[in-house]
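Protein sequences appear in the order of chains A and B.
Just so we're aligned: 32 in the working numbering is position 32 of the first sequence, and the numbers increase by one with no gaps anywhere.
Just so we're aligned: 1098 in the working numbering is position 98 of the second sequence, and the numbers increase by one with no gaps anywhere.
No lab work stands behind these hints: they were computed from the structure.
Glycine included, C-beta positions come from ideal geometry on N, C-alpha and C.
Keep in mind that a hint or two might mislead.
[Said to hold, decoys possible] Label-pair distances were calculated between CB atoms; the ranges are:
id: 1; chain 1: B; residue 1: Pro1404; chain 2: A; residue 2: Asp188; range: 40 to 50 Å
id: 2; chain 1: A; residue 1: Ala157; chain 2: B; residue 2: Gly1081; range: 56 to 66 Å
id: 3; chain 1: A; residue 1: Asp43; chain 2: B; residue 2: Glu1248; range: 36 to 46 Å
id: 4; chain 1: A; residue 1: Ala193; chain 2: B; residue 2: Ala1051; range: 13 to 23 Å
id: 5; chain 1: A; residue 1: Glu14; chain 2: B; residue 2: Leu1166; range: 23 to 33 Å
id: 6; chain 1: A; residue 1: Glu94; chain 2: B; residue 2: Glu1295; range: 14 to 24 Å
id: 7; chain 1: B; residue 1: Asn1164; chain 2: A; residue 2: Glu94; range: 51 to 61 Å
id: 8; chain 1: A; residue 1: Met115; chain 2: B; residue 2: Ala1008; range: 23 to 33 Å
id: 9; chain 1: A; residue 1: His72; chain 2: B; residue 2: Ala1008; range: 21 to 31 Å
id: 10; chain 1: B; residue 1: Asp1167; chain 2: A; residue 2: Pro56; range: 45 to 55 Å
id: 11; chain 1: B; residue 1: Glu1024; chain 2: A; residue 2: Gln198; range: 33 to 43 Å
id: 12; chain 1: A; residue 1: Asn200; chain 2: B; residue 2: Ala1008; range: 42 to 52 Å
The residues making up each chain are set out below.
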Amino acid sequence: MSFFTSANLDIAREIVSRYPAPRSALIPLLHLAQEQHGWVTGDAMRQIADLCGVTPAEVKGTGSFYEMFKFHPVGSYLINVCTNISCMLLGGEELLDHARQRLGVKTGGTTDDGMFTLEDVECIAACTEAPCLQVNYRYRLRVTNDDFDEMIDDIQAGRVDDLPRHGTLARVRQRIPADRLAGILPPDKAREAPVWLQRNNAAEDSVVG
Amino acid sequence: MATNGYVAHAPGYVDNEGPKIVSERFSHPDSFTLARFEATGGYEGLRAALAKRPADVHDEVRSATVLGRGGAGFPAGVKWGFLPPGRFPYYLVVNGDESEPGTYKDRLLMERDPHQLIEGCLIACYALGLSQCFLYVRGEMALAQERIATALNEAYDAGYVGRNILDTDFSVDVVLTWGAGAYIVGEETALIESLEGNRGMPRLKPPYFPAAIGLYGQPTIVNNVETLANLGWLMVNGAEQYKGYGSEASPGTRLFAVSGHVRRPGVYEVEHGVTTFRELIYGENFCQGIREGRELKMFIPGGGSAPWFFEEHLDLALEAGPVGAAGSMLGSGAVVVMDDTTDAVKATLRVVRFFARESCGKCTPCREGTTWEERILQRILDGEGRHSDIDMLLDIGDNISPGPYPVAANPQEGLDAVPFPPKQTTICPLGPSSVAPIVSTIRRFRHEYEAKITRRDSIPVRTEVLQ
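Let the hints inform the model, and build the full structure from the sequences given.
Written out as structure tokens, the structure is:
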């Protein structure tokens, strides 16, 4: 039984083809699995192992290094509150504390209805707009306690449209038309010098763009 | 995609009306589209490069002294020169894994002007004969990934990327890929490990540069997003004009993110090596001073890894040399300003905790040391500190980074500055970086540590132990 839907399996094979070595697709495929299912299951890891030519243990070994991969169910909305230095200076820890109380969970916990998971996160690169947070990796900036409550109310009431379900990152995929592809080869099949480097042998001023 | 419409840019960038190289298009609401890029001189840099010999493009970058903008500040043209001749294929890896505390310039460059970055990648690939480019964006930056994916799709369709670019013999594929939440992947050999589908742990040195042995064991250039974003402008305007901005040692401009207790925090494009910290923090066109009624206590001049500076450093120029001699680094262009309400121990703990969490665990001094540092600082802050703790913190620091650690002078106590960089018992600088805030604050605010250890009356209540 395939974990990936047939549409996603096509996407997965295309992703593998973009790298000179299939194993390089491991992290992108874990993202794809998480996009499909919200978290990474054992079946997903077994299939990714097949696609990348590694063992399932190697998939788990790599995946477990990275904080964004979840190997257990998480809420539909993952809230990451930044408490790193710039946000801490302007109330990030207090905001996290408020978030815990409002949602009734500890850091890392998921609400009983499976709607929200709360995490504290390291610097998410919005330091001038502190304190900040991300919901499913979409920013909310200069967040007050009231803003936070309003955001939760809006999500619960279905009033947000910029937040895909947890697991989806970019909603645009790179696609490379077959006739535009320069060609991706494993390193041992690409030992020739790229053709345009021959221009270095040309006399100065004779190169035509 | 409808969801990728012309939404207003998230705030952050502030136009300070100075010279602009990389932020020229930032203020256009559609700055990320191919139409806007082409209407504002886009891909002219690529055309200019393709009209030259690849080696001449490399020479131009070398003579412009484009300094790497990722943190180490190594000249890109020199780094490019480390490629061993003839060992093809070569690869380009773009480091967009921006996650140094306080830093955000690459995110803006990727979100607001992805084509400028793609153009820079193409110029590097052309100059050096790189066979494929991997654009590695930080996992948490969903909008940046979306904008780059859209831009790459447009660029492929328009013939700027892929086979026979602009109908020449130059062909290269640019592949967007992204991380999954690990600060250490910003270290270039860890980034390569991650791209190979492994845990993102830095590789043992030597070789010091992946230009010798990099991705799949092949020669690989790893460049920061901002470094590459400069190349299009450079190709159009030339090295001489590039060097017209900034100082002799640090030409051009640079994006600085200033956050913390200032009136107008923001990301500013400033002249490299000329502008001073005072102008940046107090200038009318920049941050306009410390927030209402407060005094400056200290500031981080170059991201979470940099030793801290104080009032007397404000007149230093934003340039690697003087900042290094004064005991810190310019790093990734992140200035974090702290006013007199800031608890030095708490601020130190927060930065140290970051390194403890992000240590990859490969080297024992870092894996164990950063955790010890965090626990000791936490207990001092919780009112459980011991009298030996200050010395123990310094001793742990000495195990991760032996010898005098880079630190600012303390004129009141007649202590000289220790110049940058630190030594390390670890493979990468993550562990040694955790020592920066500790040494900085103990030297300057030892009394605050001692007060917390000996006088346990105002104990902050921790609501939860953070994992």
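To see whether the hints hold, each was checked on the structure:
B/Pro1404 and A/Asp188 have their C-beta atoms about 48 Å apart, which keeps the hinted 40 to 50 Å range intact. Taking 56 to 66 Å as the suggested C-beta distance range, the pair A/Ala157 and B/Gly1081 conforms, at roughly 59 Å. Judged by the Cβ atoms, the range 36 to 46 Å given for A/Asp43 and B/Glu1248 is violated: they are separated by roughly 60 Å. One distance hint, 13 to 23 Å for the beta-carbon pair A/Ala193 and B/Ala1051, holds here, with the actual separation near 21 Å.
Taking 23 to 33 Å as the suggested C-beta distance range, the pair A/Glu14 and B/Leu1166 conforms, at roughly 26 Å. A/Glu94 and B/Glu1295 have their C-beta atoms about 23 Å apart, which keeps the hinted 14 to 24 Å range intact. Our hint of 51 to 61 Å for B/Asn1164 and A/Glu94 holds, since their Cβ atoms are close to 57 Å apart. The supplied range of 23 to 33 Å is met by A/Met115 and B/Ala1008, whose beta-carbon atoms lie about 28 Å from each other.
For A/His72 and B/Ala1008, the Cβ-Cβ distance of about 37 Å falls outside the hinted range of 21 to 31 Å, so the restraint is violated. Look at B/Asp1167 against A/Pro56: about 46 Å separates their beta carbons, and that is inside 45 to 55 Å. Our hint of 33 to 43 Å for B/Glu1024 and A/Gln198 holds, since their Cβ atoms are close to 34 Å apart. The hinted range of 42 to 52 Å is satisfied by A/Asn200 and B/Ala1008, whose Cβ atoms lie roughly 46 Å apart.
Of the numbered hints stated above, those contradicted by the structure are hints 3, 9, listed in ascending order.
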